[in-house]
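The chain contents come next:
There are 4 protein chains.
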Amino acid sequence: MKPWSGRFSKETDKLVEEYTAAEDITLDKKLIIYDIIGTEVHNIMLNRVGILETATLNKILSTLDELKNLWEAGKFALKIDYEDVHMNVEKFVIDKIGEETGGMMHLARSRNDQVLLDLRLYIRDEICEIFDLILELINVFMEKVEKNSETVMPAYTHFQPAQPITFAFWCMAHVDAFIRDLTRLNEIFKRINTNPLGAGAIAGVSWSIDRSITMDLLNFDGIQENALDVISSRGEFTSELLAIFSIIMTHLGKISTDLILWSSKEFNLIELDDAFTTGSSIMPQKKNPDAAELVRAKANKIIGYLSQNLGILQGLPSGYNRDFQETKGPLMYSIDIIKGSVKIVSGMIKTVKINKDRMLSLANSNFITATELIDLLMKKGNISFRTAHKIVGKLVGVLISKDLDLNNLKATMIEETIKNSINKEIEITDDDIQKAINPWKTVQRREHIGGPSKKEVLRMYKDRKNIIKEITEKNLDRKNNIKKSYESLEKLVQTLISNKKTKE
Amino acid sequence: MKPWSGRFSKETDKLVEEYTAAEDITLDKKLIIYDIIGTEVHNIMLNRVGILETATLNKILSTLDELKNLWEAGKFALKIDYEDVHMNVEKFVIDKIGEETGGMMHLARSRNDQVLLDLRLYIRDEICEIFDLILELINVFMEKVEKNSETVMPAYTHFQPAQPITFAFWCMAHVDAFIRDLTRLNEIFKRINTNPLGAGAIAGVSWSIDRSITMDLLNFDGIQENALDVISSRGEFTSELLAIFSIIMTHLGKISTDLILWSSKEFNLIELDDAFTTGSSIMPQKKNPDAAELVRAKANKIIGYLSQNLGILQGLPSGYNRDFQETKGPLMYSIDIIKGSVKIVSGMIKTVKINKDRMLSLANSNFITATELIDLLMKKGNISFRTAHKIVGKLVGVLISKDLDLNNLKATMIEETIKNSINKEIEITDDDIQKAINPWKTVQRREHIGGPSKKEVLRMYKDRKNIIKEITEKNLDRKNNIKKSYESLEKLVQTLISNKKTKE
Amino acid sequence: MKPWSGRFSKETDKLVEEYTAAEDITLDKKLIIYDIIGTEVHNIMLNRVGILETATLNKILSTLDELKNLWEAGKFALKIDYEDVHMNVEKFVIDKIGEETGGMMHLARSRNDQVLLDLRLYIRDEICEIFDLILELINVFMEKVEKNSETVMPAYTHFQPAQPITFAFWCMAHVDAFIRDLTRLNEIFKRINTNPLGAGAIAGVSWSIDRSITMDLLNFDGIQENALDVISSRGEFTSELLAIFSIIMTHLGKISTDLILWSSKEFNLIELDDAFTTGSSIMPQKKNPDAAELVRAKANKIIGYLSQNLGILQGLPSGYNRDFQETKGPLMYSIDIIKGSVKIVSGMIKTVKINKDRMLSLANSNFITATELIDLLMKKGNISFRTAHKIVGKLVGVLISKDLDLNNLKATMIEETIKNSINKEIEITDDDIQKAINPWKTVQRREHIGGPSKKEVLRMYKDRKNIIKEITEKNLDRKNNIKKSYESLEKLVQTLISNKKTKE
Amino acid sequence: MKPWSGRFSKETDKLVEEYTAAEDITLDKKLIIYDIIGTEVHNIMLNRVGILETATLNKILSTLDELKNLWEAGKFALKIDYEDVHMNVEKFVIDKIGEETGGMMHLARSRNDQVLLDLRLYIRDEICEIFDLILELINVFMEKVEKNSETVMPAYTHFQPAQPITFAFWCMAHVDAFIRDLTRLNEIFKRINTNPLGAGAIAGVSWSIDRSITMDLLNFDGIQENALDVISSRGEFTSELLAIFSIIMTHLGKISTDLILWSSKEFNLIELDDAFTTGSSIMPQKKNPDAAELVRAKANKIIGYLSQNLGILQGLPSGYNRDFQETKGPLMYSIDIIKGSVKIVSGMIKTVKINKDRMLSLANSNFITATELIDLLMKKGNISFRTAHKIVGKLVGVLISKDLDLNNLKATMIEETIKNSINKEIEITDDDIQKAINPWKTVQRREHIGGPSKKEVLRMYKDRKNIIKEITEKNLDRKNNIKKSYESLEKLVQTLISNKKTKE
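If you read the sequences in order, they're chains A, B, C and D.
Reading the first sequence from the start, the letters are residues 3 to 506 in the numbering used here.
Reading the second sequence from the start, the letters are residues 3 to 506 in the numbering used here.
Reading the third sequence from the start, the letters are residues 3 to 506 in the numbering used here.
Reading the fourth sequence from the start, the letters are residues 3 to 506 in the numbering used here.
Hints listed in this document are in silico derivations from the structure and should not be mistaken for laboratory results.
Note that the coordinates shown come from a computational prediction; the quantities given were computed from them, not determined experimentally.
Intra- or inter-copy, both count: the list cannot distinguish identical chains.
Straight line, CA to CA, 20 Å or less: simulated SDA-like cross-link-like pairs of lysine to any residue:
hint	residue 1	residue 2
1	267	360
2	381	55
3	31	124
4	464	224
5	12	275
6	192	473
7	464	474
8	381	100
9	192	181
10	352	138
11	355	402
12	267	368
13	267	367
14	355	368
15	98	3
Using the sequences plus the hints, can you model the full thing?
So this is what it looks like as structure tokens:
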């Protein structure tokens, strides 16, 4: 019989057990250590405020410690019959030390606030890890920047060649995007790292608990106060986190799409490493960018998990509803996807081979620097931007119709076209044209803030270097603080346990 | 080294193996039997058209048979190192009988058409099973109809009491909805039950295969012809199926919402069985409709899986892209959810306790039959519908302000109000009013097609009984045909294997 | 004051009017004609069964006719103050002919069943139109098939060249996909084309209406019977339709992605017509595939509208809830998107320029026919498929490392590799190789069902021609039947009106 | 002909114009003022760095000023033929002052960075407004707190009565949730309020622009630097904003669900004001919570718009793609929905009638304080929590079976049950029980941080009062700064224009 079954006259249908707990109990593997820690802390607090006797506390802690060791040794399994991790842990303790003692463990809390505690401890560790993985990816891009500030390549809009940039400039764009993602993670961390314990089922508890004790022991930054708000907001942080993940995945997806496209035979701007591609069971020539394709596909999964999460919350009344449980899967699956995807993209970028010749060659064709001619015409012909744009457009049209490229453009053609279009005479040399349309010169000209010139890219590089250093340290601090609090707790628990043993 | 690694100079990164195959290989457990069957059939066809020697065929079949037995005995595990179920199976065969023989197995097909074959064989079995589960649920509702055609209760709109119906009428509404769902499953079944094998990687194969042989052996209804279409349409049938599932889940979700609401203490129209509810770890009085809540939440999961599936497809070019693989999870998780959810709702409806007294009492209060007075006023007063509506509205307003219910309405009040509103005199008796507003009489009056009167409900019941019989038989036929084709195939395979043994 | 305001003591807050009706009243423009028709039919039925006097009917019909003319002349505007199209129409009628007569119009129905009627009449017309637009698109593809059964091009998997096909084969793949879409539209049409009128608010009506009369007058295929089911299933058909639309959009999106990719300078397989591309405000050389990009983006919008629609339904109890209204937008916006997108893709395909030389050239490079060598090696060397696959893989690796293509492969290289790999001697000629790897020959070899050979493509072409003819006629019939029913109704209405005038 | 049509030989197909611009040009109405401001600022900067002559600048500014006046007077309409707001504005200017002068306006920028500028100016104003509306809603809740800290009511979990709270406590929970939403808006504001102008099409421009000038003139907090990142990140801020909106909507939706449920006749805890409800066209007694239902439904719309937005971005390569345009609708529609929904909920809460008697009565029944007995049993019986929980569960079961409520519980029953269950004798009085289960006493006992006791609620109330004051001022500052920058700009523009006039 379930521990809550006092008022029930029938056992839970097996079908219901399976339906309500099968996936959940598997997911709970990620929570059990946090559940034990949370229970230790809760019971220490109960003791400090005088609700729980020291002897009882010590026995409970000792049994929890035993369980932790069993779990870490792979000798404990969560059972579906006991519903969830919380009841599995309580069952273990009661079985060991009896209901008289073990039955005190759950006093003054509910599974509703307990699971929130477990989830937050779990999430904050995962955020720290994801933070580090993204930092690593940023550093991979930064390394590429150093070596490629002169690697000219085309930038595309609408899948069409637009203007020349450098590969370093492309890398820096992603660095900036990921720095924003880290800022978002920093912001949500503050909100997640608050203490939910003490909210009870929905309305707090009738015992004089002290929520600041558990807050301190677990290194929380604060307390989420209103009990009803604590319980009702389950899923809110998950939504927020999955939204941040979705944005991260669109960044990773964008990079993957670039890599897939650029490693096509037709683009051929890069070659992915053999270790990050796979072959075909039937076509022996194939070398496919499978990993990149899966990053792209998995981005859609996270977007879908976000939809699931928001959909589950939407329409619920305030308070706890069992529906909340179903937000656990979307959260945990998404965390795994994010970590794998960041690593995969790091690996691909780190090992990618850049075809510099092909890049330059494409930056030198397809009229990619036509915009530069506008400037030339404006200066030489004293004509407006829009007029110059139209004339260059016409010139491009003529060249294409003759199957020629921009490099074939002659000064006489320009002079003629201007004469015919706006009846103006200008003087221009072939050398003027070549200087204007040279892709490297074009890149170098763009040295305003955020431009692709070598100088500006290196300035941004240096600036971001400092930012990265700062946020790396911040995350290190954060991790250290959590680690230290767990170590202190462990020390405290061991002291209490040994007190108990001494007494025995 | 992977079987396709001829042109590669490096092994796949472990990270990539994990990222691309970890979840997939787990899902493939549901496909391995189908993969073996498909390989048997493919090789038999190759032999029949003269591409594969009989001796080779028999050895392959014998090894596949061995594998099948191992799998069913739980003695074979899919390994992530061999990527997917297809390569795991080939690896097993080649390890057993050598590459010279086993290396013929994959001739004239690709994993691209092979996985489509596996998926369709899997899906069609699942559709048949889901069909049966929904039929069972329909029958559960039909049983309730028989006993409740006189169980008067309120129907709600906007969470407000609207008009009286019967519980049988409510059940019949769900019967009709689920019959539509079964029609949709019938329609998609025809499209799914077509042969994709022979499409190869994307453009068919250069061998003179005969796709009608494999079609016949596997009891397909036809061939999906154009090879490029076959490969490109991966995910299309999944989208369609998940859309049907989403609709089914909104039906189940609607029922669950009704059950949750009606079993609230305040509504108290029904009581869920103890076996389909759970308690609280802290509040001893609690009996919560968790199973129903999870049906509601899981509906959102399937809607999210549909989004994932469509999102993954959207934006891909024609042909095969690895992204397709990620549609496998949404499909398989959704199938499990649907089956579990239908069973849970069946269980809840089968065991629910109906509070008939409370139902009738609520159907007798809250002005639920006010609409009926309109009719009375129109007849007695010779006034238009809209005018009568306004007058009844006013009367309701007056009664509410005096804290009275419709049963307290007196003929004099009506007469007065009509006099004051439109300066008309009408004659009406208290008895007229009571006849009009009686909920059972109201229900009985509604005997047009689709109305809640006992007569009409029983007519619909009888009609649906026939429809259910017909579609039950249809699904039985379908299942039998599949079963027979598998039995014939098994017989054929065993004959060929024993031929081989005889020769040895 | 609102017509339902009898029991209310305050007017609706302006904010509420705006919030509840602003978008809705705009959308209702698409429904007003159907609302008038539905009202005509409902009142004719009421008269036939003896509930409504003929004189009243005729006056109502005459006023509705007047309104229809005003609307069509652009002289009538829906007002937010009267909430929705239904109340706007009733208001007009009552203002014209008084509440005594016009106030009878809404008798024995509710806005709940009325809006379902309007929506179904609207949807079935739209389905017919979309059906025709897709048929037109199919025909555009069919025309391209005729001229391109010898236009060899590469087929891609993973954005990498896979095997040679023809442009005609690519077109035929889309023809088959769209034929499936039409089948789905046919299936849903049957379900949508059933009569909801008579379901009333939720439980039918207390008047002896005859729902088969309205069914016949409106050319419905049947009646959706159970009143509660009728009302509760609002949004179900929309979900189903949006799911079909989502699938259609993934088809259109796939084509668009191909077109965008192939019209990139690097692929250069096709050129989109100037009329279906746009330029840049700053880069004069640009010619961008904007229309195709928007098809791709709008596909995501429909997927999102489907999510909205399902999300709105999910979690609602049975019966009517105002939430339903919000499904109107997703439906109507999606219909507009679908129609525009099909037309745009038709236009792009019709006008696209195919670069046959480039297609052939790409089908002749990048080892695209390497698979064909497997066959050769198997025959000549009597080796298994998997062994041959590995050897060809190695050969490809060697050629790439030497910067050579498949055309540079010499028989001696093969012989040597086989010798070294499996210590076997085989004889092969350079001519054998050339025959094997020739892309046109490769295509022609694939003549099994669904293969890209000219013969098989033309067989499929002919077969689909017949199917298209058949479904075209089916849709024509459907449209004609609807048209005829409206004409008969109009005739009937005019007769009744003129009767009225005669009498006056 | 389009201004970019130099290289084109055909005009854009009308179909394409309609498909690409019809919805967009309507949405652009919200941007035109920002587009004019952005153009003013851009041209002033060009002049300051010496690229644009002062005479030209003044003419452009003067014409833009004229356009602004026309627009505000409703005398200018955006035309689909000129594609978008940017080209419409340029067209107007060139038409007025000629291409020679007006054709300079678009120099050194692209529509790609221009639209980003327009959107950010638009969004930041909207965020400020939404911020204020949410503050107003928070204040509405705060007012209710003052009057209801003793209004005892049941809190629900699983739609079942759980424990007693107060209405003030429920209000405070929402206050805390909305304060978090405001924090999120503050965080995104910083990211959005950065200058994108100068990113050009994708790679900056070849002119020596100074992006800090435009930053200062527009009161931006900084510059989003890397040009490629600026362009590629279109849609990122929209995703983030829509995610925040989705969370806000789940808060509003939760409140709406509570209001709908509680205003059902069966719960009857509250009554919505007549002005925030509507009636039925057929059922005269109906008073429906339509506005609340629509908040609930519209929440799903925003979740769907978020999906659309993310889906559109996902899979795109870096750089600009026309797909981005389709994110404009989801953004703008969502902003309108959010503003409307916050106002509606404010209105409903402000006017809601609280049925205090019913609240107290429900807080006094349904075993809602059973948890309190555990405490009593633990103290009196010296038994563990879990044992006490089981015994109370049993007592509840017995009472229910006898159709009794908790108030009927006698000390003797407890003593007996304990005796029978665990063979223990305890002493307890009926008075002990009544003290324990009194709902008001229960509430008052819960005075730890975040509990519902009057004392703690008032402490939180006071604390939040300060926080609200602080963030209100912050938003006021923000709005003032933006306002001042616009005023300074307007002054500057007018000075320049009058200079021009003076010279003329």
